Amino acid sequence: MSQTQPLLEVKNLKVGFRTDRGNVTAIEDVSFQVRAGEILGIVGESGCGKSVTSRSIMRLLPERNSFIDPGSEILFDGKNLAQADERTMRTIRGNRIAMIFQEPMTALNPVFTIGWQLDEALKYHTTMNKTERRNHAVEMLRSVEIPNPEQRYREYPHQLSGGMRQRVVISLALCCDPELLIADEPTTALDVTIQAQILRLMDKLRQKNDTAVVLITHDLGVIAQICDRVIVMYAGQIVETSEVNALFSRPQHPYTKALLESIPQPGPAHHQTRLPTIDGVVPSLFELPAGCRFQDRCAFEEDQCAREKPALSKEANSRTVRCFFPRNES
Amino acid sequence: MPLVEVSNLVKYFPVRGGLMNRILRQVHAVNGVSFAIEKGEILGVVGESGCGKSTLGKLIIHLLEATAGEILYQGQDISQLSSRELMPYRRQMQMIFQDPHSSLNPRMTAGNAVREMLAFHKIVPKSELPAAVDTLFAKVGIHADAKDKYPHEFSGGQKQRVGIARALAVNPEFIIADEPVSALDVSIQAQVLNLLMELKDDFDLTMLFISHDLKVIDHFCDRMLVMYLGTLVEEMPCRDIQADALHPYTQALLGANPLPDPTQRHELTVLSGEVPSSYDLPQGCPFVARCPLVTEQCHAEMPPLLETEPGHRVACWEL
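So the protein lines, in turn, are chains A and B.
With our numbering, the residue at position 33 of the first sequence is 33, and numbering never jumps.
With our numbering, the residue at position 141 of the second sequence is 141, and numbering never jumps.
One or more of the hints may lead you astray.
[Unchecked claim] If you want the footprint, here are the derived chain B segments under chain A, 3+ residues with CB under 8 angstroms: (1) 20-32; (2) 170-183.
[Stated by the list, open to error] In silico contact screen, one side only, chain B against chain A (beta carbon under 10 angstroms); selected entries: (3) Glu48; (4) Ser127; (5) Val216; (6) Gly255; (7) Gln264.
[Claimed, not checked] If you want the ones that stay clear, here's a sample from chain B, every Cβ over 10 angstroms from chain A, calculated: (8) Tyr12; (9) Gly17; (10) His101; (11) Ser102; (12) Ala131; (13) Asp218; (14) Ala256; (15) Thr295; (16) Ala300; (17) Met302.
Since the hints were made in silico from the structure, they are not lab data.
Quick caveat: nothing in here was measured; it's all calculated off a predicted structure.
Positions of the beta carbon are idealized from the N, C-alpha and C atoms, including for glycine.
Could you build all of it, start to finish, from the sequences and the hints given here?
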């Protein structure tokens, strides 16, 4: 695949849920691209739609109570996954697109050994024979820096620590050499020293295999450390996309700016000072305001914001921002 | 005299099993920790999961019985008191928990949850209860209309405010906050930290602030304790941790903490290995298995906690 061609292209993704209170749109107007070897971060607070976005790409949302709008496109290697049937998805899911979840214990089956679970994935997606599969599985465990991989291969998930389990989940996700890895809060449940190990590992694997990564997190520190480009989401919409350095040095959307300012800063100058906050709470998806979704909490709100919905506008350097009055100061 | 003084505090949890339900081994959750909290100060406790920081908080407030050691509150040893004798101290010490959802009774309105505290400890006469509840709600920044709401109707940040109102109802002197902002989004976290800072001044509080997040501890606390495997490895002031930290574990925590600044994208310090199990503690320093500076002495003998300058103590042979 050439460098210019995106591996994944999401266009106008709109996903809704059927609830007791009627249909509700969880995300809308979500469009982005991911290229091979790139780490794209999606950041936002609880309920902003970042996980719904990732699960829609994998088509993991229950069909019983969720729906993808027919106008949505999720283009992966020329195929529109938004309309793909379950049979097509099965050949892609876990094979060409893999996913890592937040809680490594629930992603592993407690009654089977680590080896059995790796073997199952390889049996399903590859043509390797039994010995090849075993060797490959042990090799995968070694590549995610698990000590004693031969022994761990025979052990059960409960015998491993949290960080080790998350590494097993990563090896499971990577064993079929996927082109795209979706990591949904992969380090949130882990201690900071273990988080550093996992982040370093993901960065290494991306360099080695040219895997594209979509990293979903609420932690702007993690974003700053390993992402190339960032999408900021708020109340079901993209509010800003940017290359990582520009986002942190010159946030354009008032929400991004406020979010960055509310992180406690190190050093004596900031010690025990009052933290800038974002007043109020995220609006309920059932009662979205008529204009901009951030208007109630925005420090720069004007009349226009309450009347009209801002569109995602193109700025210089392939940045986009959903605001009538983007910030331009640094 | 310090408000709280803890000396050689030890907590072992027995692990039972086998025939006869014998004690098979002991988890060494807190292993001989000593420190003091001065009146009006915020002391942070930081460490990774399983380091004993929450156990430490629960021991001080007597939710857990200490195996050994002394806890002096205003000079009085409270570690051996019966629950009746403890009652006056309960009014002076309160706890704020991590998960505001599970620490509030789902079948009790927010107003009643706070009112219960006021009534049980007989803080105000019955006739003044509603007014006292209103005052507390105003103090923690919740609209008075929310009194009749149940916990599930609140957002995470608001629930934490109710939890804080409950703790403050008895007009305590000393608050133990166990990961009070860890379950909250970053913008809400900032709101709650600001609120705690205001209330600290308003109510003249002393605080033990437990968190795994060094960023928050650094910002919020006057001093901090760094714990590893139940042991206190460093005690230091919080003004400029980056410059002052001495213990290799504290430095590793700092180095692994991803800064929200891509221009300072550094190789995150990656400690090899995992936290060892607290069943079989190493004989020497608890950090031997992961320490970059380890020597033979570290394996053989536990380093003492020595003062390097006033208010700064470190337990490491290699300094």
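Which numbered hints fail: Violated hints: 1, 2, 4, 13, 14; rest satisfied.
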